[in-house]
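> Below are the chains, spelled out letter by letter.
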Amino acid sequence: MNRGDVIEFHLDTRSGVSPYLQVVHQVRHALRLGLLLEGDQLPTVKEVVAHLAINPNTVLKAYKELEHAGLVAARPGIGTFVTKTLSDSSLAAHGPLRQELQRWLGKARRAGLDDESIEALFRDCFRSALDEGVA
Amino acid sequence: MTAVLDTEGLTKRYGRRSALSDCTLSIPSGHVVGLVGPNGAGKTTLLHLAVGLLQPTSGTIEVLGSRPAESPAQLGRVGFVAQETPTYEALSVADHLNFGAWLNPSFDAEMAGRRIDELGLDLRQKAGHLSGGQRAQLALTLAIAKRPELLILDEPVAGLDPLARRAFLQYLMESVAEHELSVILSSHLVADLERVCDYLVVLVASHVQVVGEVEGLLASHYRLSGPRRDPSSLPSSQEVIESSHTERQSTMLVRIESPILDPAWTVEEVSLEDLVLAYMGRASDAGRVQRRSGRAFR
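Protein chains in written order, with the numbering used here: chain A, 8 to 142; chain B, 4 to 301.
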């Protein structure tokens, strides 16, 4: 069990995504990648606002939404703790898959694709795989 | 719950010039309120009325349920940091802390001392030799150490560099989380407000243009773009705040209470900055039209 300092939030003010949603996404992302585990404590509201200079209500709203989704639980006077993980047995497969993807990215670059083309190609493949019910 | 700021028809005139006109507001507690507007809009006038430095010409104002500055107790409940975060140049940091403790019965000297320590300020340093950022932090520390229920800040970060500005807002937000303060802060920098404020008041040319919780405001304003169209042909439930037109296309920022059903429009969400600028633009356009027609009559 880790206390508080397991995750540090950051804010992209140009993304157009509201700050509270950015906090929610970052927690979900960390849960999915296995960076946050059951029992871990999220930073306190005071810690987050002192770091990001954002309104405390923004953090409270994000934590409430995560609580509503059953991912964390608030223990009054103590803090907010992770109660569920989003990573599963598939987490073990992340490493090899990441390596393969990196190799593929290297190939794409050598073939002369720029960032935008790589992203477009990936998205297109991802979408057509979804349509075919493969992914 | 008592409103932190409650005004009705509040007006302040200097001779024939109105600094604040017919301002009616009721701001609930527990918010960080951004008071936005161009320079000369009346922001400082409103804040000075709220702390009792000015008396209204007409209308009423109540702060935390009482008349501003009506009693020592009322003075103790409201913290105020004036524009440019003034300090006493010839006095040391320690003198400021002692002065604060002497003037405010509820002064939290221990907290103030700890904060000065965290900031790395030398207690013997004269305030006149502090940097702008350090001076602002000292003024904020004093205002927070008096443990007010409402903290009023007039353009606190306007003169600070980005790093000092961030540090100032970090400490302010930390204090809000810790002491559950309500805050009213004026600024003409919308980017800062976007992070820290959850309630907005837009003031232009002495008039309040729009008031409300940021979340609610963002959920009721949209940018519509589509084939060229006369703004007056929109349904009455859509108030046009800003519109621009090319030969073929119209783009409008509208306030709506119900969903947009017209399929001709592409509907986009707006940022707080877009929203503020739209209201400011509308108000200054109206001002120009008024002035122009005024001349025509003469």
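There's no promise every hint is true.
[Said to hold, decoys possible] Here are the simulated lysine to aspartate or glutamate pairs, EDC-like style, with alpha carbons at most 20 Å apart: (1) LYS68/A / ASP121/A; (2) LYS114/A / GLU216/B; (3) LYS71/A / GLU121/B; (4) LYS71/A / GLU15/A; (5) LYS68/A / GLU121/B; (6) LYS53/A / ASP201/B; (7) LYS53/A / ASP265/B.
[As the list claims (entries may be wrong)] Facing chain A, from chain B, some residues (calculated, C-beta under 7 Å): (8) VAL35; (9) LYS129; (10) LEU172; (11) GLN173; (12) MET176; (13) GLU177; (14) VAL179; (15) ALA180; (16) GLU181; (17) ARG198; (18) ASP201; (19) VAL214.
[To be verified] Here are the computed distance ranges between Cβ atoms for each label pair: (20) ASP164/B / HIS36/A: 28 to 34 Å; (21) PHE133/A / ASP233/B: 39 to 45 Å; (22) ARG117/B / ALA115/A: 52 to 58 Å; (23) HIS32/A / GLY33/B: 34 to 40 Å; (24) TYR91/B / ALA80/A: 48 to 54 Å; (25) TYR17/B / HIS36/A: 29 to 35 Å; (26) TYR91/B / HIS36/A: 18 to 24 Å; (27) GLU218/B / LYS53/A: 18 to 24 Å; (28) GLU250/B / ARG117/A: 44 to 50 Å.
Calculated directly from the structure, the hints in this document are not laboratory data.
As the structure is a prediction and not an experimental result, all values here were calculated from the model.
Virtual Cβ for every residue (Gly too), placed ideally from N, Cα, C.
> Decide, hint by hint, whether the structure agrees.
Evaluated hints:
1. Restraint check: the Cα-Cα separation between LYS68/A and ASP121/A comes to about 39 Å, which exceeds 20 Å; the hinted pair is violated.
2. Using a Cα cut-off of 20 Å, the hinted pair LYS114/A and GLU216/B is violated, with the two alpha carbons roughly 50 Å apart.
3. At roughly 31 Å between alpha-carbon atoms, LYS71/A and GLU121/B are farther apart than 20 Å, so this suggested pair is violated.
4. Our distance criterion of 20 Å between C-alpha atoms is met by LYS71/A and GLU15/A, whose separation comes to about 18 Å.
5. Annotation: proposed proximity of LYS68/A to GLU121/B is violated, straight-line Cα distance about 29 Å (limit 20 Å).
6. Between LYS53/A and ASP201/B the alpha-carbon distance is near 16 Å, which keeps this suggested pair within the 20 Å criterion.
7. A C-alpha spacing of about 44 Å is found between LYS53/A and ASP265/B, which places the hinted pair above 20 Å, so the restraint is violated.
8. With its C-beta approaching chain A no nearer than about 5 Å, VAL35/B sits inside the 7 Å limit, and its interface hint holds.
9. Interface hint at LYS129/B: violated, since its Cβ lies 29 Å from the closest Cβ of chain A, which is beyond the 7 Å cut-off.
10. Residue-level restraint check for LEU172/B holds (minimum Cβ-Cβ distance to chain A is 4 Å; threshold 7 Å).
11. Given hint, GLN173/B at the interface with chain A, holds; its Cβ is 4 Å from that chain's nearest Cβ, closer than 7 Å.
12. With a least beta-carbon distance of about 4 Å to chain A, the hint placing MET176/B at the interface is held under the 7 Å criterion.
13. Hint status for GLU177/B: holds, given a least beta-carbon distance of 4 Å to chain A, under 7 Å.
14. Given hint, VAL179/B at the interface with chain A, holds; its Cβ is 6 Å from that chain's nearest Cβ, closer than 7 Å.
15. Evaluation of the ALA180/B hint against chain A yields a held restraint, the C-beta minimum of about 4 Å falling below 7 Å.
16. With its C-beta approaching chain A no nearer than about 6 Å, GLU181/B sits inside the 7 Å limit, and its interface hint holds.
17. Checking ARG198/B against chain A: minimum C-beta separation of about 5 Å stays under 7 Å; hint holds.
18. The restraint placing ASP201/B at the interface with chain A holds, with a minimum CB-CB distance near 5 Å, inside the 7 Å limit.
19. For VAL214/B, the interface hint is violated, since its Cβ never comes within 7 Å of a Cβ in chain A; the closest pair sits about 17 Å apart.
20. One distance hint, 28 to 34 Å for the beta-carbon pair ASP164/B and HIS36/A, holds here, with the actual separation near 32 Å.
21. Restraint check, PHE133/A to ASP233/B: a C-beta distance of roughly 43 Å satisfies the suggested window 39 to 45 Å.
22. Our hint of 52 to 58 Å for ARG117/B and ALA115/A holds, since their Cβ atoms are close to 54 Å apart.
23. Distance hint check: the CB atoms of HIS32/A and GLY33/B are about 26 Å apart, inconsistent with the given range 34 to 40 Å.
24. Under the hint 48 to 54 Å, the C-beta atoms of TYR91/B and ALA80/A, about 49 Å apart, fit the expected range.
25. Hint check: TYR17/B to HIS36/A, Cβ distance near 55 Å, so the stated range 29 to 35 Å is violated.
26. In this structure the hint that TYR91/B and HIS36/A lie 18 to 24 Å apart at CB is violated, the actual value being about 49 Å.
27. At roughly 22 Å, the beta-carbon separation of GLU218/B and LYS53/A lies within the given 18 to 24 Å, and the hint holds.
28. Distance hint for GLU250/B and ARG117/A: a CB-CB separation of about 47 Å, consistent with the stated range 44 to 50 Å.
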